[in-house]
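Sequential numbering of the sequence shown, starting at 4, is according to my numbering.
There's no promise every hint is true.
[Unchecked claim] Within a straight-line C-alpha distance of at most 30 Å, the following computed BS3-like cross-link-like pairs (lysine-lysine) qualify: (1) K155 <-> K127; (2) K10 <-> K127; (3) K18 <-> K155; (4) K127 <-> K18; (5) K10 <-> K36; (6) K36 <-> K59; (7) K155 <-> K10.
Hints listed in this document are in silico derivations from the structure and should not be mistaken for laboratory results.
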Amino acid sequence: MPIDPAKHIDEINEKGFSIAEGMIEPEFCDRIKAEISRLENVAPPAIVQNEFTGYKTLRYFDLLNEDAVWQQVAIHPPVLNVIRGVLGSDCLLSTMGTAVIDPGETTQRIHCDDSLYGIARPHKHLVCNTMWALSDFTEENGATRLVPYSHKLDHYPDYQLSR
Numbered sequence: 004m005p006i007d008p009a010k011h012i013d014e015i016n017e018k019g020f021s022i023a024e025g026m027i028e029p030e031f032c033d034r035i036k037a038e039i040s041r042l043e044n045v046a047p048p049a050i051v052q053n054e055f056t057g058y059k060t061l062r063y064f065d066l067l068n069e070d071a072v073w074q075q076v077a078i079h080p081p082v083l084n085v086i087r088g089v090l091g092s093d094c095l096l097s098t099m100g101t102a103v104i105d106p107g108e109t110t111q112r113i114h115c116d117d118s119l120y121g122i123a124r125p126h127k128h129l130v131c132n133t134m135w136a137l138s139d140f141t142e143e144n145g146a147t148r149l150v151p152y153s154h155k156l157d158h159y160p161d162y163q164l165s166r
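All chains, full assembly: derive it from the sequences and hints.
Written out as structure tokens, the structure is:
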């Protein structure tokens with residue numbers, strides 16, 4: 004079934020996110036998961052462990068230099084078409100990483116990924132992150148919580164919101 008980028012672009016503009024199934028072919032997903040398994044068997048890069056980054060989460064960055072599969076992830080047409088529709092065709096890749104969340108990890112606090120810029124809200128889209136759920140993505144195993152329409156608020160979320 005072909006992916007309709009306009010549907011996802013509209014949802015992102017309206018709700019602040021879109022959930023897209025079927026954007027990753029099973030064989031491509033298997034290649035990505037195999038590369039993540041390989042990364043898990045090498046020492047992860049040094050990262051400060053805290054409540055935000057996690058104590059039971061392995062995070063890998065600078066993936067474009069790890070394996071060619073990550074270069075294909077960065078330009079995967081169904082996903083890149085949506086990102087370009089949200090940010091414009093001149094968008095830039097600023098970071099690329101992956102996280103393996105182990106059982107028992109604490110819940111990350113509610114936050115906006117664009118809050119580091121300190122620009123008054125609401126504002127036009129500055130970032131367009133993607134999360135590729137390569138395994139079950141549930142509350143029990145640490146799935147990201149989404150707050151519909153929060154990108155339209157005139158303030159950042161209360162970082163003290165309960166987990």
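message: Need the list of violated hint numbers for this structure, in ascending order.
response: Checked against the structure, no hint fails, so every one of them is satisfied.
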